[in-house]
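Asker: Chain by chain, the residues:
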Amino acid sequence: MSGGASAALLALDGVGKDYAKIEQRGGELRLVWDLLWGRGAAHVFRALEDVSFTLRCGESLGIVGENGAANRRS
Amino acid sequence: MLFFPPFTVMIQSTSAEHARGARAPLAAQRDRALFVNFWKRELTTRYLGSITGLAWALVHPLALLAVYHFVFTTVFRTTGFAGGSFLAFVAVALWPWLSAQEAIQRGTTSLAGYAGLIRKVAFPHEVIVYASVAATLVLHLAGYLTVLVVLVLWGEPIRLEGLLLALPLWLVLAIAVTGLTLFFAALQVFVRDVEHVLLPVLMILMYLTPILYPLTLVPESLRPWVAGNPFSWLIGRLRDALLEGKLALAWSDAVAGIAAVAIFFAGRWVFRRLSPQFEDFV
Numbered sequence: 001m002s003g004g005a006s007a008a009l010l011a012l013d014g015v016g017k018d019y020a021k022i023e024q025r026g027g028e029l030r031l032v033w034d035l036l037w038g039r040g041a042a043h044v045f046r047a048l049e050d051v052s053f054t055l056r057c058g059e060s061l062g063i064v065g066e067n068g069a070a071n072r073r074s
Numbered sequence: 001m002l003f004f005p006p007f008t009v010m011i012q013s014t015s016a017e018h019a020r021g022a023r024a025p026l027a028a029q030r031d032r033a034l035f036v037n038f039w040k041r042e043l044t045t046r047y048l049g050s051i052t053g054l055a056w057a058l059v060h061p062l063a064l065l066a067v068y069h070f071v072f073t074t075v076f077r078t079t080g081f082a083g084g085s086f087l088a089f090v091a092v093a094l095w096p097w098l099s100a101q102e103a104i105q106r107g108t109t110s111l112a113g114y115a116g117l118i119r120k121v122a123f124p125h126e127v128i129v130y131a132s133v134a135a136t137l138v139l140h141l142a143g144y145l146t147v148l149v150v151l152v153l154w155g156e157p158i159r160l161e162g163l164l165l166a167l168p169l170w171l172v173l174a175i176a177v178t179g180l181t182l183f184f185a186a187l188q189v190f191v192r193d194v195e196h197v198l199l200p201v202l203m204i205l206m207y208l209t210p211i212l213y214p215l216t217l218v219p220e221s222l223r224p225w226v227a228g229n230p231f232s233w234l235i236g237r238l239r240d241a242l243l244e245g246k247l248a249l250a251w252s253d254a255v256a257g258i259a260a261v262a263i264f265f266a267g268r269w270v271f272r273r274l275s276p277q278f279e280d281f282v
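Those sequence lines, one after another, are chains F and G.
Residue numbers for the first sequence follow the working numbering, so the first one is 1 and each next one is one higher.
Residue numbers for the second sequence follow the working numbering, so the first one is 1 and each next one is one higher.
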């Protein structure tokens, strides 16, 4: 690309990721109910918290983490 | 290999627009392109590899019509149908029901077919449901029109001018069905029982709707319950138009139109509330 060396391609600021957890049998219905009223999931697994970085043209970035740490999502 | 091109095009355009910070008009344009792509894909993959292709969409309702005709006129020898012909009486009502049923069933499970895409790419998930419902309805509307024309040539008492009212009624049906399907599709992502509940419920509803029998055969005491089914109303209007040529608008048409739009927006509201979590559950 010819965007110049300093052009930011991607900038993340305080990004995180929560997975809704289904705690008991039938918990899906509870989750649906909570989402409908805009409450968000009652039980979550916080996989990622407060990630900030800037990626510029020509840079490479590797993401390392435990299994299930949402590496694949990046 | 055949189905990669639409995907590649889409992924490129999404990422390019994200980089530019796409605004509403661009997004609407992209959603339209997405819809067209999904719609074509639904139509081509559904009957892909079968020799007769799209004709299968006509075969299933035709076979049902033939079986019902045999059972009700040859075995049971029922009479008393509006217009006097069982074939015309059932054909007018059977297609709208079957297409609504198929659209709801296919649409409810349509998101699962795009699971990979939903997990990886940010796009409005409702487009998938729209494409699935539209593909089913368009296919069956074409079948419906074909069968009506064939029945007229066959000498059945069908008034084709009734289509002036029948086509807007299909539109009302399509709007309501889209709303219901959005609701069920969103729920299906979290609760996999939905599709299994729908199957018997829709079958029971079909027999509780006066599709195979006229409302006048229902015992007096039960008639209000059967007539109160919204689908009974739709079928009644279709028969008025196509069998008796009554084209006058009734106040109930306006109520149905408003109800259909309300169902659509209610379904879409639920879908949009739940769709941010789809990527983790689909």
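Since the hints were made in silico from the structure, they are not lab data.
Note that CB positions come from ideal geometry on N, CA and C, so glycine has one too.
Treat the hints with care, as some may be off.
To be verified - Which chain G residues stay away from chain F? Per the calculated CB distances, all over 10 Å, these: (1) A66; (2) H69; (3) L117; (4) A134; (5) F190.
Unchecked claim - Computed from the model, here is a short list of chain G residues facing chain F with C-beta under 8 Å: (6) T109; (7) L187; (8) V270; (9) R273; (10) L274; (11) D280; (12) V282.
Asker: When the structure is checked against the list of hints, which entries are broken? Sort them ascending.
Answerer: Hints 5, 6 and 12 contradicted; others consistent.
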